[in-house]
Amino acid sequence: MVIFKAVSKHYNGHIAVKNLNLNVKEGEFVTLIGPSGCGKTTTLKMVNRLVEPTEGDILINGRNIRDTDPVALRRQIGYVIQQIGLFPHMTVEENITVVPTLLEWPATKRRARGHELLDMAGMDPVIYANRYPSELSGGQQQRIGVLRALAADPPLILMDEPFGALDPISREVLQDELKSLQKRLHKTIIFVTHDMDEALKLADRVVVMREGEVIQEATPEELLRKPADDFVASFVGKSRRNDSKLLIVEQVMQPNPVTVLPSVGLAQCLTLMKRKRVDTVLVVDEEGVLIGGVSIETLDREHQRAYRIGEIADHNLVTVLNSTPAKDAFDLMVGDQLKYLPVVDEHRHLRGLVTRTSMVNAMASVVWGDEND
Amino acid sequence: MYNIWILTVQHLGLTLAGVGLAILIGVPIGYLITGNRWVAQLVMGFTDMMQTIPALALLALLMLWMGLGDTPLVVALLMYSLLPIVRNSYVGIMGIDGALIEAAKGMGMTRWQLLRMVQLPIALPVIMSGVRVATVTAIGIAAIGVLIGAGGLGAPIWRGMQQMNTAMILSGAVPAALLAVASDAGLSKLEQAITPRGFRNIASQNT
Ligand SMILES: Nc1ncnc2c1ncn2[C@@H]1O[C@H](COP(=O)(O)OP(=O)(O)OP(=O)(O)O)[C@@H](O)[C@H]1O
Ligand SMILES: [Mg+2]
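Chains as they are written, first to last, in this note's numbering: chain Z, 1201 to 1573; chain H, 15 to 221.
Any given hint might turn out to be false.
[Stated by the list, open to error] Derived DEER-like restraints, expressed as beta-carbon distance ranges: (1) Z:Glu1304 to H:Ile115: 17 to 25 angstroms; (2) Z:Gly1237 to H:Asp62: 38 to 46 angstroms; (3) Z:His1210 to H:Ile115: 18 to 26 angstroms; (4) Z:His1386 to H:Asp62: 54 to 62 angstroms; (5) H:Ile208 to Z:Thr1419: 50 to 58 angstroms; (6) Z:Ile1369 to H:Gly49: 42 to 50 angstroms; (7) Z:Leu1381 to H:Ile115: 21 to 29 angstroms; (8) H:Arg130 to Z:Met1320: 25 to 33 angstroms; (9) Z:Pro1368 to H:Gly49: 39 to 47 angstroms; (10) H:Val195 to Z:Pro1368: 54 to 62 angstroms; (11) Z:His1210 to H:Gly49: 22 to 30 angstroms; (12) Z:Glu1450 to H:Ile115: 50 to 58 angstroms; (13) H:Arg130 to Z:Leu1385: 28 to 36 angstroms.
[What the hints assert, rightly or not] Chain H is nowhere near these chain Z residues, computed Cβ spacing over 10 angstroms in every case: (14) Lys1205; (15) Pro1306; (16) Asp1353; (17) Pro1355; (18) Val1373; (19) Ala1418; (20) Leu1447; (21) Pro1462; (22) Leu1466; (23) Lys1476; (24) Asp1479; (25) Glu1486; (26) Lys1539.
[What the hints assert, rightly or not] Every beta carbon over 10 angstroms from chain Z, so not counted as near; a handful from chain H, in silico: (27) Ile43; (28) Val105; (29) Arg173; (30) Gly200.
Hints listed in this document are in silico derivations from the structure and should not be mistaken for laboratory results.
Note that the Cβ used here is the ideal one computed from N, Cα and C, for glycine as well.
Produce the entire structure from the sequences given, and follow the hints as far as they go.
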């Protein structure tokens, strides 16, 4: 859909982009990533002719954009600028529908579109349509910036660090929204970021740039497995260290599982479970050695017969050593359909607990990087 | 005896004519010079210089050229009003965040649409405050228009001074002063009214 052919951009002697060749396919989500000043914004702006290449050609749907009127071209391409850039004197609705206004859509159609988009972003039009940008939170402003780019339903959208100034949580939410939106509406997106986690999470293909040149162009998976050089490796490094093959159980387990002594009474144990919101407790002796486990089902079944936890604990728990590779532990859980897997050291001291949730978290950190790293 | 009502209306009319022409000429100039820093300096230097010519001297020169009457006064008012209006138009438009301009262009606005939909509305409060300064100044200068045969509240003031007639002086000076105060208040209300709600919030957030 967008083809860069040997594109370069010089600013009086300084080379901002150097011999860029790139083919962005229809419906593809491509992220451009690299350190500050490596030419990401310049690359993006050449697509909508805010910047003219010094050399080379850019084709959109086979047509050289030099032959397209810049104004007409830009109205067909969604653009989210690095600094959000909402118009302070226009309401949210007016901001979203700028391009439809330029395209002279009738007022009723414009309004309907504005409201539809607000709904889509989970912002009630009744509340937000007539607000001004200064009356929105940073996250809401960035949402409006994205909606504005979608308004005229352009097949191609350019996004320059659209979630740049956000806290990690809103960022995460908007990334998820954007990804599902792109899948649903089948948009082609070129997305600039300098956050590798973001690039890996969103992209079908990641283009790593440095000093105006493309260093590597690969799917997130390939990038993690085979970084082209040390530069790329250091860039993806943080995410790579969490590769599940390299992790051991100790790193993924939950370190403080709920435990009881065997002498504890059933009712007392039940209260504890209720308070901690768990459906299983591990039974350990005074030295911290694992004796067994009790699930809520067992408790329910046996509460007439027994008084102490020690009497009903299951002593045949499957356990793993803390140095076991995480992957083997996960395989064991999946293979034996275990709900949980206690982790012990050589002396059978309880160290932690692997649950399905820890499994999910560990795998997520491999794909998206670990925030706590 | 003078009919003060008629003179007041005349005075206001002359002021509005001068300031109105200055808006028609000054705002486009202020916009056009945003394209070139060097030209901007030159133009503003020129309007600056015009402001330094003493009012009486400028009126006399214009009278020599255009003769007696209202016309040279209106031209003088125009020349004095140009500076605050050109300057504020320039400053108002140049002060707009470059990101907004880029966003506007990136979405496919033509130059004209950019001016009409983004630059003018955002710069308008600044331009209006230039208009307010120009208007108040012009009301003062119009009072000496009587010396070159123009109408307005200058006549009773001047005649009163010649005849040492305090009542006559006041009959011109008081309405002229009231006119200046009222226009200042009225225009500053208007300035607030045309400031978009979105800005007022920004302003209050920044303080
Ligand atoms: N208008 C310009 N005139 C001169 N040099 C420019 C201009 N725009 C960009 N450059 C230079 O080109 C290089 C690439 O800039 P660009 O804005 O594309 O970087 P970027 O990768 O988007 O950086 P960031 O992550 O900081 O946004 C930089 O060295 C920058 O200084
Ligand atoms: Mg940039």
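Going through the earlier hints one by one, which of them does the structure break, listed in rising order? none
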